[in-house]
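So the protein sequences, as listed, match chains A and B. Position one of the first sequence corresponds to residue 15 (the working numbering), numbered consecutively onward. Position one of the second sequence corresponds to residue 43 (the working numbering), numbered consecutively onward.
Simulated from the structure, these hints should not be mistaken for laboratory data. Check before you lean on any hint, since a few could be wrong.
As the list claims (entries may be wrong) - Some but not every residue of chain A turned toward chain B, in silico, with C-beta under 10 Å:
hint: 1; residue: GLY17
hint: 2; residue: VAL18
hint: 3; residue: MET29
hint: 4; residue: SER45
hint: 5; residue: ARG55
hint: 6; residue: GLY56
hint: 7; residue: PHE105
hint: 8; residue: GLU118
hint: 9; residue: GLN119
hint: 10; residue: PHE121
hint: 11; residue: GLY122
hint: 12; residue: ARG126
Said to hold, decoys possible - One side of the interface only, derived from the structure: several residues of chain B facing chain A at Cβ under 7 Å:
hint: 13; residue: GLN44
hint: 14; residue: GLY85
hint: 15; residue: LEU86
hint: 16; residue: LEU88
hint: 17; residue: PHE143
Since the structure is predicted, the reported quantities are computational estimates derived from the model, not experimental observations. All C-beta atoms, glycine included, are put in the ideal place defined by N, C-alpha and C.
Next come the chains, spelled out residue by residue.
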Amino acid sequence: DAGVIQSPRHEVTEMGQEVTLRCKPISGHNSLFWYRQTMMRGLELLIYFNNNVPIDDSGMPEDRFSAKMPNASFSTLKIQPSEPRDSAVYFCASSLEAGGRGNEQFFGPGTRLTVL
Amino acid sequence: AQSVTQLDSQVPVFEEAPVELRCNYSSSVSVYLFWYVQYPNQGLQLLLKYLSGSTLVKGINGFEAEFNKSQTSFHLRKPSVHISDTAEYFCAVSEWSNLFFGTGTRLTVIP
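Let the hints inform the model, and build the full structure from the sequences given.
This is the structure we're talking about:
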């Protein structure tokens, strides 16, 4: 298996532009998670999906952020409009939610976003 | 609510010396506990996890951790570190499908 795939790996954009981050989870996994990592705030859970349905989006910072999972093999995280404080590494992770709590999350390589 | 505390933000240690990275958790229910490692410019990888049974858990790369319910701790140990162990280490506690991560401990192995 190729693991969790994220694209792009690096994104540099200007303030006010729309940014779309993409994630392909591991085949067969039915839970998907979006995290943001910064030096100041560490690793933060933004949102997670179970069977393509958003379960908890309380970590989404504000309305400029939105996430979708149209099918089991694809998810997007969109920021519109982007701001410099959104600069961070964004990780996608997936897990096999069979009884849930003991399941390992597999992380993608991350997307490093820089908003100028 | 569940939370994780990693008291040490940075731990320098000489090569071949032992190391312990501390993790304490709070939870009102039984927990599943994890240690993840993040190498530079990479995503997180699972080192080990405690689900039930023996309180001493062995993971990859020679790491082990001990679950101590009375002290609500899950400290990570390695008897002899290598340069390649230099990385960020995260402790996490599981709630349903979700994980709550600590703030991480930066382990730096000095030659």
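Here is how each hint holds up against the structure:
Below 10 Å, beta-carbon pairs count as interface contacts, and A:GLY17 has one with chain B at about 9 Å; its hint therefore holds. The beta carbon of A:VAL18 comes within 8 Å of a beta carbon in chain B, closer than 10 Å, and the hint placing it at the interface holds. At a threshold of 10 Å, the smallest CB-CB gap from A:MET29 to chain B is about 25 Å, leaving the interface hint violated. For A:SER45, the interface hint holds, the least distance from its beta-carbon to any beta-carbon of chain B being 5 Å, beneath 10 Å.
A cut of 10 Å between beta carbons decides the hint on A:ARG55: the least distance to chain B is about 9 Å, and the hint holds. With 10 Å as the threshold, the beta carbon of A:GLY56 comes within range of chain B, its nearest partner Cβ sitting at about 5 Å, so the hint holds. Given the 10 Å rule on beta carbons, the hint for A:PHE105 holds: about 6 Å separates it from the nearest Cβ of chain B. A distance limit of 10 Å between C-beta atoms decides the matter here; for A:GLU118 the minimum to chain B is near 5 Å, and the interface restraint holds.
Given the 10 Å rule on beta carbons, the hint for A:GLN119 holds: about 6 Å separates it from the nearest Cβ of chain B. Interface restraint check: A:PHE121 against chain B, minimum CB-CB distance 3 Å, threshold 10 Å, status holds. Hint status for A:GLY122: holds, given a least beta-carbon distance of 5 Å to chain B, under 10 Å. With its C-beta approaching chain B no nearer than about 8 Å, A:ARG126 sits inside the 10 Å limit, and its interface hint holds.
Nearest Cβ of chain A to the Cβ of B:GLN44: about 11 Å, over the 7 Å cut. The hint is violated. Against a cut-off of 7 Å between C-beta atoms, the interface hint on B:GLY85 holds, since the closest Cβ of chain A lies about 3 Å away. The interface hint given for B:LEU86 holds, since its Cβ lies 4 Å from the closest Cβ of chain A, which is under the 7 Å cut-off. For B:LEU88, the interface hint holds, the least distance from its beta-carbon to any beta-carbon of chain A being 5 Å, beneath 7 Å.
Taking 7 Å as the C-beta cut-off, the interface hint given for B:PHE143 holds, the closest approach to chain A being about 5 Å.
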